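Q: Read off the chains here:
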Amino acid sequence: MALESKTPKGPLKDKWTNHKNDINLVNPANKRHIDVIVIGTGLAGGSAAASLAEMGYKVKAFCFQDSPRRAHSIAAQGGINAAKNYQNDGDSVHRLFYDTIKGGDYRSRESNVHRLAEVSASIIDQCVAQGVPFAREYGGMLDNRSFGGVLVSRTFYAKGQTGQQLLLGAYSAMSRQIGQGHIKMYNRHEMLDLVLVDGKARGIIARNLITGEIERHSAHAVVIASGGYGNVFFLSTNAMGSNVTAAWKAHRKGAYMANPCFTQIHPTCIPRSGDHQSKLTLMSESLRNDGRIWVPKNLDDVKAIREGTKKATALSEEERDYYLERRYPSFGNLVPRDVASRAAKERCDAGYGVNKTGEAVYLDFSAAIQRYGKEKAVVMHIENPSESEVIRLGEGVIESKYGNLFQMYEKITDHNPYKMPMMIYPAVHYTMGGLWVDYNLMTTIPGCYAAGEANFSDHGANRLGASALMQGLADGYFVLPYTIGDSLAKEIMTGHIDENGPEFIKAEAEVKDRLARLCNINGTKTVDHFHKELGKLMWDHVGMARNSEGLNKAISEIKALREKFWKEVKVPGTPDSFNQELEKAGRVADLLELGELMAKDALTREESCGGHFREEHQTPEGEALRDDENFTFVSAWEWTGDASEAKLNKEELTFEAVELKQRSYK
Amino acid sequence: MANENLNLTLKVWRQNGPNNPGRMETYQVKDISPDSSFLEMMDVLNNNLIETGKDPVAFDHDCREGICGSCSMFINGEAHGPDRGVTTCQLHMRKFKSGDTIHIEPWRAKAFPVIKDLVVDRSSFDRIIQAGGFISVNTSGNTVDANAIPINKEDADKAFDAATCIGCGACVASCKNASAMLFVSAKVSQLALLPQGRVEAEDRVLNMVHQMDEEGFGNCTNTGACEVECPKGISLENIARMNREYASALVKKG
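If you're matching them up, the sequences are chains B and S in order. Under my numbering, the residues of the first sequence are numbered 1 to 666, in order. Under my numbering, the residues of the second sequence are numbered 1 to 254, in order.
Next comes chain S alone, as it looks inside the complex (with noise of 0.2 angstroms):
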């Protein structure tokens, strides 16, 4: 393990809103622990920045455990950055070296337009979800018994594999052609693996893909990057579930 404290040359994406243009800046930042994740380096780099009388770097954190999927960083050409299955906030400092140069950029697609610095808009996500990403159940006391339908367990597996996506975007921000792929395909795979979510499968996976090229995000050309640089590990056998429903409730629905 690591002991040695780091020093660290930083280039932040820096930039001020959507409809403003934007520039890589350069700091500095020194005794940085190996133990520290990703987002605490920053959180110094921040606290140097206020106390210099400067805009700290606006970015997206929350739960700081990998799972809310709201940090969102692009690092040294990499979504989340150098190690795999992890969000940038699990990333720990002990991935790099002292003297090394990280450069820090946001999520880039046409869909997630820049709000300021390395925080996105990813609303376009949640408005694919809004098309149709649940099953059309209201609440009340009396739905069926839990056990009453048993399912597979490969079935409930799968589905349990796909639901994990934490909708951060690693996906689109990873591939050349900004697709949403994985994002919807996941969500599809979830419902549609499941007796539930069988019933409107057709509609929900016509409308989602609808509604993701409403948004503007391009293509799948099956490069696999997105499978890749996903933080959990979400298959692209997704992708290919998706496009088999997709195919078939087209034939069936026009």
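Pulled out of the complex, with its shape left as it was, chain B reads as follows (with noise of 0.2 angstroms):
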């Protein structure tokens, strides 16, 4: 199938005004009979789904959580961003559209970027209207702070926890829609399969995980909001549920998958303490505005923090290579992540992380406290502060600025991060792969949908820091709800979708037979055993640096590990009861067909950008080296019937407002 972006003609600029003018529409009175479903409530599902209701269609929307408000988005911390100018320097559309295509290493689609650049400043606006509390300054104004990969500060916070305060945003919002009857909720309950009918999406399959009944709904249309797939990894910043279950059933069912390989690694998360351990904490990037990354210049040095003889504080500023200020003085601890991660990666490589795994780089706070401490001592009237009087004050700032991230990092670390340097390592956080879309957000099935972090569409290579909830916010509110009625209008003769038709019951019957065979299994190692095994491969071939030999390694290891899965797994109780197992289980059988694609579209891609880096192209500084020539596109995987098989679909990148040029931040 030729794939077909639909965007708009026209300049950048006015391609998203001219297509809302020319979006069909649906009346008032129609929209009560079309039905709409929605998978997840994360800020993509939950504003999407808030949005549809409130302009009148009937949603139902599904979550596997035991509520709309748990959703993954609820952890997300730093910040989001907002073309709103509010510091007055120099920010704009066009700045924040560069921005995002330069950090995504120009393999974005422009028109999508530039969209989500134009309705970002109109979030910020719905978001206070429904009562986000942004933080403020003292005149009662909105705050910001700065993300890498930019030289403006356009990122709007509530303390570290950004992502919890814009997601109740949007639950409230639903809750509301919830109360009147235009959303039907249906919480612990995860899709399981898509129906197609004539070819268009009709429906999903769920099971009632209380119950573990399977539930037939129709819809006249299906949005996938079900987030990313990094728990590929096993061990990541995602939820212990975080899975691309929903993902994978439409693309098993004719969506295809985009650039799946697209992983982002963030450098600053809480390294790994042990075997035991089930995921990884972040340490959100918002704390590189006053951390300063840096290892010790010596190996000796090394080697007596690692032994524990000496203690990073006792290390003069001389002895101290703060690589990233060092490599990129331009941006230097605010470069973007995939450049953040990788020369954390050359530094541990070469021997000189900081902790006893040798996978961890200091992130110090020492200077912040000191240069803060002195400015409110000056506020406050206070000449010739003692050393530990500014200590005090400059700890207070930083509380006041990142109080509940050094709080956790306190609990899980044992370590007290206003005296000692955090100690951090990279660690994968977020997948700008996805449900390939069209300009309207609609995958290669009609009637399917892909929203927020499930969809492939504005990050390109690698993500900028606040934008996945700035992309959430715009596709749900602000896109989708307009894009979707282009299809809907032909729907309102069509009338209720039967969930009796004979593409349902199959579908169900489908879904009853995997449940059982999973249960049936009957072998010996866990879904977790699988799950780490499956994570290790991944790591190590399809993590930051990947090669052609690690990565054929990986695509038959993976494949190997599939099929003993299914011989050898062990899920116990029955599908008809609440089964955590068994919803484990279910999930992971889909990361092992997900993992080998990432590395079959690893291997393919004989280009290094953003977040994917192939060891074989890099320039001698050891930079990522694009193939403009030969990979300005979007690899689009289709399904094939085997997982091993899939069939590589190309969409060109075609870019109009910005040169294409090697990213520097140095």
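Simulated from the structure, these hints should not be mistaken for laboratory data. On a predicted model such as this, the values are computed, not experimentally measured, just so you know. For glycine and all other residues, C-beta sits at the position ideal for the given N, C-alpha and C. Mixed in with the good hints, there may be bad ones.
Derived lysine to any residue pairs resembling SDA-like cross-links, with alpha carbons at most 25 angstroms apart [what the hints assert, rightly or not]: (1) B:Lys376 to B:Lys184; (2) B:Lys184 to S:Asn207; (3) B:Lys184 to S:Val137; (4) B:Lys184 to B:Glu491.
In silico contact screen, one side only, chain S against chain B (beta carbon under 10 angstroms); selected entries [as the list claims (entries may be wrong)]: (5) Leu45; (6) Ser140; (7) Thr221.
Using the hints, put the two chains back together into the complex; each one sits in its own frame.
A: This is the structure:
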């Protein structure tokens, strides 16, 4: 099938406005007769469900958690970008657009990114109107901070809990619609298949996770907003339940999977402490506003620190290597995530890692504490403050900015980050890849849409900090509610979709069969065992640095692991009851198919771009080397019936408004 | 920092469904790293149970970084266990000693019926929010500019502090009356403190309190256990504010 992005004609800056004017509308009386299913209640799904219901559509929303408020958007820390230019530092829609395209290493679709930048300001207005308590200055105006890869302050935040506050805003908007009967909410339900009727998405098969009952739900359109698939690495900053299942079911029914190998490894996470570990915890990128990243210059100091005979604080400035400031003087500690992660790996691979595993670097706040302490002393008219007074005041400022993050760090590691530098290391955080969508956010299945992290649309090969929240809410509040009208306008005469049709009955039987198979294998190894094995393969070969030998190995070993899983996994209990192991098993089975595709995608892309670093393609200085001549396209993989035989389709990317350049943050 | 691994006796509440009788079961877990989290210790227990052909313990958990509010264990008689300011997922095993016996139970409240083992149904919280925990503004690109209404920093910070509630239900589980006043008052306060929330403040507090009573939560008798056990440090001040809001709304609206 030829991929049509359906990008509207006309100049870039007019495309969205013109498109909105041309979109088919559905009359308010007809909206009442149109059903829309939304999978997932994070920022994208929650905001889409609320907005669609406000417009008058009948919405059914599904989440596997016990409440829509718990979707993993809740854990986003640092902030949300918007081109408001409140700081008068030269920000604009164009600059946000340009930063995002460049940050994504020129592998995203220009028109979608421009639209994202255009609607960004409305998101902030909408959230404030909902009562989202963003950080403010003493004059009552909104405060901003800076994130990686940009030279302006455009990030709005609510301490280190921005995702929580934005999600609770979307959740409250949803709750209002649930209370009014416009959204029917299905908590503790998991989508286990997409149902197509005459080639169109017409509903889903879902499992009630409390009773185990299999349910059929029909609709005129299905929106997949089920988040990303970082859990394919087992250890990631994703929630334990985050999964690819809904997106993968759509993929198996004909939705193309785009750029699956584009994974974001976040530079500042708490390092792993041992084999017991079930997940990794992020320390927000916002910390790089004030924290300086370093390792010792001398290997003797590294050794002494690892042995516990020397403390980080004992090293003088001259004995420290602030390697980001050294390598990238203009962006310093605020280089984009992919660059910061690789630089940390480079130092650790060279033997400079500062913890026992050799996989940690310092994130140091002592300079910021000094600076803020002195500023505060001036404000408070304290003349000649003592050293301890400066530190006390400075720590107070840091606490007001990042208190919850520092507390989280201390609870996990048992170290006080106000006194000793934090130890951090990169970890899997976000997936830029996802379901391929056109300009209307529709997948290659008519009537099936994808929003938020679940689609591939806006971040190219690397996402900038504080842009995930922006994209999730842009898709859900301001893009999808308009663009979905284009296909729904054709459904006004369709009438209710029958859940008892043969397609639904067949899909339900297949779902039941698969669940029964999982429960009947009765092998010897737990689901977690396979998940950890998969994670290790992915991290070792499809992680921060990739090469053809490792990728080929990953492809064959993941395939073998998948076969083993279907012979040897042990899933206790039955499908017709509350069964958390069965939930996990179904998700891991899908990740075992996805993992192979990610490796295949990474192998096919013979260039380095953004988070995708092929060791064969780098500059003499070790920077990523893109190949624009041969790889300026989106890889869109088509399911062929066999997980190892996905077929590659390409969407060529054309750039009108920006010139493709080798990224430089030096 | 303790480095020695722990051997523990666990007494865990097992219950097959809301209408089945429950019981405490005793299990042993060995060689637990003090750096592991409480839920990672539970993972070890469950892997042992699965490998020996037994039914693993059901418990809610998701983000494992203290923000989603899923995890909900009553550990040695305290919601989220002995540490302060943390959820169960952020409680680390270094807070325990080898040889300890740990009692693990679900939240216990009429309005939170047990689904299985340590998993309870907290949808009553959702229904309270649905009754009024929102500002009635539709999505539109035409709301006023976010900086059009300056908000006093102190009010904004207080609203934020109230808004950090994660809806875990520890307040209810800790209260001898199973009262949900801390949870409800946190949302009422957040919105009452902001100018955009004032418009509906009266209806909001009346409707949310009404729904709270309908769900079968108990009354507040000012013992303050909720504040002590709240992993996010939500202040009792919010309950006082809600009572004021409620009283004045009642006078005005009857």
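Q: Less than 10 angstroms between beta-carbons is the criterion; does S:Leu45 satisfy it with respect to chain B?
A: Because about 12 angstroms separates S:Leu45 from the closest Cβ in chain B, which is outside the 10 angstroms limit, the hint is violated.
Q: Would you mind confirming whether the straight-line C-alpha gap from B:Lys184 to B:Glu491 stays at or under 25 angstroms?
A: holds (20 angstroms)
Q: Holds or violated: is the Cβ of S:Ser140 closer than 10 angstroms to a Cβ in chain B?
A: Given a least distance of 7 angstroms, the restraint on S:Ser140 holds.
Q: Answer holds if the nearest beta-carbon of chain B is closer than 10 angstroms to that of S:Thr221; otherwise answer violated.
A: Violated, about 27 angstroms.
Q: Please work out if B:Lys376 and B:Lys184 have their alpha carbons no farther apart than 25 angstroms.
A: violated (51 angstroms)
Q: Just to be careful, I want the Cα atoms of B:Lys184 and S:Asn207 compared with a cutoff of 25 angstroms; is the pair within it?
A: holds (20 angstroms)
Q: Between the alpha carbons of B:Lys184 and S:Val137, is the straight-line distance 25 angstroms or under?
A: Given pair B:Lys184, S:Val137 holds - Cα atoms ~20 angstroms apart, limit 25 angstroms.
Violated hints, in rising order: 1, 5 and 7; the structure is consistent with all others.
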